[in-house]
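> Same order as they appear, the protein sequences are chains Z and C. At position 28 of the first sequence the residue is numbered 28 (this note's numbering), and the sequence of numbers has no breaks. At position 103 of the second sequence the residue is numbered 103 (this note's numbering), and the sequence of numbers has no breaks.
Be aware that one or more of the hints could be misleading.
[Claimed, not checked] Computed beta-carbon distance windows for the label pairs: (1) Z:Gly3 <-> C:Pro154: 54 to 60 Å; (2) Z:Leu232 <-> C:Gly126: 39 to 45 Å; (3) Z:Thr82 <-> C:Pro95: 22 to 28 Å; (4) Z:Ser101 <-> C:Pro58: 39 to 45 Å; (5) Z:Leu89 <-> C:Phe115: 34 to 40 Å; (6) Z:Trp137 <-> C:Glu189: 44 to 50 Å; (7) Z:Arg121 <-> C:Pro154: 53 to 59 Å; (8) C:Pro58 <-> Z:Ile201: 37 to 43 Å; (9) C:Ala218 <-> Z:Ala74: 55 to 61 Å; (10) Z:Thr82 <-> C:Arg200: 46 to 52 Å; (11) C:Asn42 <-> Z:Leu135: 47 to 53 Å; (12) Z:Tyr4 <-> C:Asp139: 58 to 64 Å; (13) Z:Ala127 <-> C:Gly18: 58 to 64 Å.
Hints in this document: simulated from the structure, not taken from any laboratory. Glycine residues also receive a C-beta, built at the ideal position from the N, C-alpha and C atoms.
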Amino acid sequence: MSGYIEGVLVLLAINVVYAYAAYLPVAAGQLNLGIAGFAAIGGYSSAYISNTFGMPPLLSIAVGGAVAGAIGLAVAFPVLRTRGIYLALATFALGEIVRASILNLEVVGGAAGYPVTAFIRFPTVAAVALGVTILVWLLFATRFGIAITAVHDDERVADLMGLDVRAFQVAAFTIGSAIAGIGGGLYAHHFSYVEAQYFSISLSISIVLYVLFGGTQSVLGPLLGAIVFTLLPELLRGSAQWRYVLFAAILIVVMVVRPQGLVTGAQVRRLLGLRSKEQAA
Amino acid sequence: MTGSEPLLTFENVSKHFGGLSVIENLSFSVRRGSCTGLIGPNGAGKTTVFNLITGVYPIDGGRILLDSADISKIPSRRRIHQGIARNFQNIRLMPHLSALENVLVGQHCRNSGFFGVLQPVNLWPGNRWREEARAALNDAGLGQYERTTVGSLPYGLQKRIELVRALMAQPRLLLLDEPAAGLNPSETEALRERITAICRDRGITLLVVEHDMPFVGALCAEVVVLNFGRKIAEGTPDQVREDPLVREAYLGSDADELQEQRHAS
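The following block holds chain Z by itself, in its conformation from the complex (with noise of 0.2 Å):
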């Protein structure tokens, strides 16, 4: 496989998990424009870990997730009393905290970013994108997956029925922080370097557009959704610098055309081959 390929690749499997942490989130109703914060607070936690204790990639990238999910379950409860726009710019506002926060963190090389030391190939950051993606997967074939969507397509008439409306939802935006901290940790193991401009807001954005592109209403959805705003790009790459101009001018038609995303609940299900003898008939 050449370099370059390999390179995309490993692009791709990172904003996977990237994309699934940000789905979380989205599909209990919530906008985390912070995603981009913990995919750092797991990034530079995983490589402080590795570099000072010698911990295994793997295992410190899963404690870096460990980490970012802590942190985003304590700042999940006052952060969701927040809604709609005011939660978006709150979680706005935590990513930009942290951001500013290792900026000026001297022990992890403050602005000047953090090198480090292990490093882990192409197989292994997709033996972990793949695994996130199954237990994603796995997560939304049980009661909890319907009671995200519960949650986010009506509060009230999920508490009435039992739900604890908020518990969902701080599980859901905790699962969120700590994938995103096991992306974080899979890019600075894999780059061997990281640096707190890389998690900008322009990093969170995107990742919430992979979510909103493929679909938020099933599991398929932030998978294409990355597929697409990764390999897209590569692809345009022979239009030189016309290439993002074009990929936007996709983005929006496509945006226009299907404002549900790709990919929708009903349609995952006639994929899946279950379609309702009704529809059938």
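Keeping the supplied structure of chain Z fixed, place chain C upon it in accordance with the hints.
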């Protein structure tokens, strides 16, 4: 089985929204195993009564008793665990879930612990909770729609799915808010037969809000009539039908004067 003791009791319950009194010193009871109708003109406070029973709104005065236990302070999320389930005047299914998944939501109160939440209900067909939900849909004649996203189903089917969802909680008290609204006469008759059979077979106590008086008369042994948040009559459907206060409330004459005369006598 209809008993003489009440399952649900309203004791001088009041509710205000700002300066507007929507329920005023309301007292009535629903006997265990009975089908009771709650009727009144638009804006009488019927749906508000349901919202008070299910905890959507806190009460401002009085008590609500279920089986002699005060449930007024129990959070709305926990009321379904007390055996209270309901449908909604305007259908409120989860539009992005399939019919089967909506029914699975109705089971949540019976399967809500940590391991309950992680039940793989959508992973393989043999799951017991999934099979129970499928059987309930089949019993209601809705089996063919189980994997259809409910947002794409017609109104009548959505209403039936909402009833199945409420029944999945295995309630003691079922609150139905205008279950016959929008149905044609044959559908209404089928619904009445189904509700009667369900309540009889499962020992469910029913409180139903409905504008269709023949439906209420055929379904309910007792009726409570509200107007402007106050009880103006109660009794059998025939008794309330003949009540001058009820007639005036519906036909729009001077109900207040009649009520004062009644209190004076």
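> Return the numbers of the hints above that this structure violates; sort them in rising order.
none
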